[in-house]
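Undergrad: Okay, here's what each chain looks like letter by letter:
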Amino acid sequence: MFSLDGYGPQIFAGAVTTVELSLLSLLGSFLLGLLGASAKLSKSRTLFGIATAYTTLIRAVPDLVLMLLIFYSLQIWLNDATDYFNLNDINLDPFTSGVITLGFIYGAYFTETFRGAFMAVPKGQMEAARSFGMKPLYAFRRILFPQMMRYALPGLANNWQVILKSTALVSLIGLTDVVKASQNAGEGTFRTFYFTSIAGLIYLFLSSVSKLVQVYLTRKFSVGVRQVVF
Amino acid sequence: MIYIIQTYGKAFLFSDGYNMTGLAMTLWLLVAACVIGFCLAVPLAILRNSKYFLLRAPVWLYCFLFTGTPLYVQLLVIYTGIYSLEFVHHVPSLNDFFRSGIDCTILAFGLNTGAYTTEIFAGAIRDTNFGEVDAARSLGYSTPKLYRRIILPSALRRALPVYSNEVILMLHSTTLAFTATVPDILKIANDAYSATYNPFAAFIVAAFLYACISFTLIFSFRKAEAHFLAFQKR
Chain A
658 MFSLDGYGPQ
668 IFAGAVTTVE
678 LSLLSLLGSF
688 LLGLLGASAK
698 LSKSRTLFGI
708 ATAYTTLIRA
718 VPDLVLMLLI
728 FYSLQIWLND
738 ATDYFNLNDI
748 NLDPFTSGVI
758 TLGFIYGAYF
768 TETFRGAFMA
778 VPKGQMEAAR
788 SFGMKPLYAF
798 RRILFPQMMR
808 YALPGLANNW
818 QVILKSTALV
828 SLIGLTDVVK
838 ASQNAGEGTF
848 RTFYFTSIAG
858 LIYLFLSSVS
868 KLVQVYLTRK
878 FSVGVRQVVF
Chain B
-17 MIYIIQTYGK
-7 AFLFSDGYNM
3 TGLAMTLWLL
13 VAACVIGFCL
23 AVPLAILRNS
33 KYFLLRAPVW
43 LYCFLFTGTP
53 LYVQLLVIYT
63 GIYSLEFVHH
73 VPSLNDFFRS
83 GIDCTILAFG
93 LNTGAYTTEI
103 FAGAIRDTNF
113 GEVDAARSLG
123 YSTPKLYRRI
133 ILPSALRRAL
143 PVYSNEVILM
153 LHSTTLAFTA
163 TVPDILKIAN
173 DAYSATYNPF
183 AAFIVAAFLY
193 ACISFTLIFS
203 FRKAEAHFLA
213 FQKR
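Protein chains in written order, with the numbering used here: chain A, 658 to 887; chain B, -17 to 216.
Since the hints were made in silico from the structure, they are not lab data.
Note that the coordinates shown come from a computational prediction; the quantities given were computed from them, not determined experimentally.
Cβ atoms here follow ideal geometry from the backbone N, Cα and C, with glycine treated the same way.
Among the hints, a few may not be true.
[Stated by the list, open to error] For the chain B half of the interface with chain A, some residues (derived, Cβ under 7 Å), not all of them:
(1) Phe48
(2) Pro52
(3) Tyr54
[To be verified] Stretch-level coverage of chain A by chain B, calculated; a stretch enters the list once three of its residues show a Cβ under 8 Å from a Cβ in chain B:
(4) 777 to 790
(5) 824 to 831
(6) 841 to 850
Required output: the full structure, derived from the provided sequences and hints.
TA: The following block contains the structure:
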């Protein structure tokens, strides 16, 4: 009953793909979110307009629609671009497209998270750092960012859980992730229910581990913050 | 682009009187899922805060299972998974139910949004000011009356902003229905794409429709918040 019928390695490989995809998408959307939040808080009206359009539009459209839109169009645009510049064709595999699309979509959600967190850090902190003669980037890295992370963490953890779960969608654009691997196993053995449930259990495991990491990070970034203890 | 709108505009938006259109199907999925989710969530949220472990634990498990796994996996388990089990074929009612894509989709969506909504409502109930409960008790309210008159009205109001987020996310999740052969907006966009090989035009029309629904929902929830949360206004 509880055997994997030789599909164990495939499902494990799929699970690894899922984790890699989620982590790389997290990295992409994290950086895009920092950029977007800086643009939204900058004095330039053009940057503010672009960032606002980005977050509003992306968050209004379902991620699956965006994923299909970007995944199928990206290759066509890339081909047009390489033709135009007389370069060799660049072929995007589903994994790269998945990372780019997920990063682009969740960058909008991270932008909003970071914007709120940046605004929560008292203004005097940055002013004090600058008046000590710190360069803007150095002050950002040493003063603003660590304090901002504490406010951003609950939102970040939530976004991460959403990214992790939305990686299940990439099996629809042909990537062999844990869902696709379990579907293959289910079709091969006629035990779809059993194998799909295994995919579900793997996701449960991953999200539970993420919860533990979140607890650890919250403690790390809240160093020096007095909390009410009941 | 123009070609797609001319050819598929009808299937996206208007009905020919026999088939449901993509827009109608998406809205129907959204409403059905949210109604099921809401009806599940109110009693479960009360149980979630129960002082008895045996009432609390099953609800916790339900929320853990359905919020910890992707909706797509849940849909696959319910749509393709359950139907592959032998005993389902021998019970006519189950057989009919699980063979139909739309029944499975609505069941999966309802259970999924029910779990998230339970968490939202349970959090709001937990935040109820204890003074209100004390006051109601001292006036001799029975427990059902306490929930009906004091706890639920204020908790549901306070949950409204978070709940509106969940409804928007549910709208975004309805796009998964096309994997279970339900003809929603995305299914028609996908048909248009396979017929024309013009992905951008096909999916941008769908994206536009979804954005319109999202903005309408956001606008109506803002109106509802202004009405129900008027006491918070400064």
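Undergrad: Work down the list of hints and note, for each, if the structure agrees.
TA: These are the hints, each one checked on the structure:
Checking Phe48/B against chain A by beta carbon gives a least distance of about 10 Å; that is not within 7 Å, so the hint is violated. A cut of 7 Å between beta carbons decides the hint on Pro52/B: the least distance to chain A is about 4 Å, and the hint holds. Checking Tyr54/B against chain A by beta carbon gives a least distance of about 4 Å; that is within 7 Å, so the hint holds. For the stretch 777 to 790 of chain A, the stated coverage by chain B is violated: 0 residues have a C-beta nearer than 8 Å to a C-beta of that chain, whereas at least 3 were required.
Note: the stretch 824 to 831 of chain A has 5 residues with beta-carbon separation from chain B under 8 Å; the three-residue rule is met and the coverage holds. Counting residues of the stretch 841 to 850 of chain A whose beta carbon lies closer than 8 Å to any beta carbon of chain B gives 5, which reaches the threshold of three, so the coverage claim holds.
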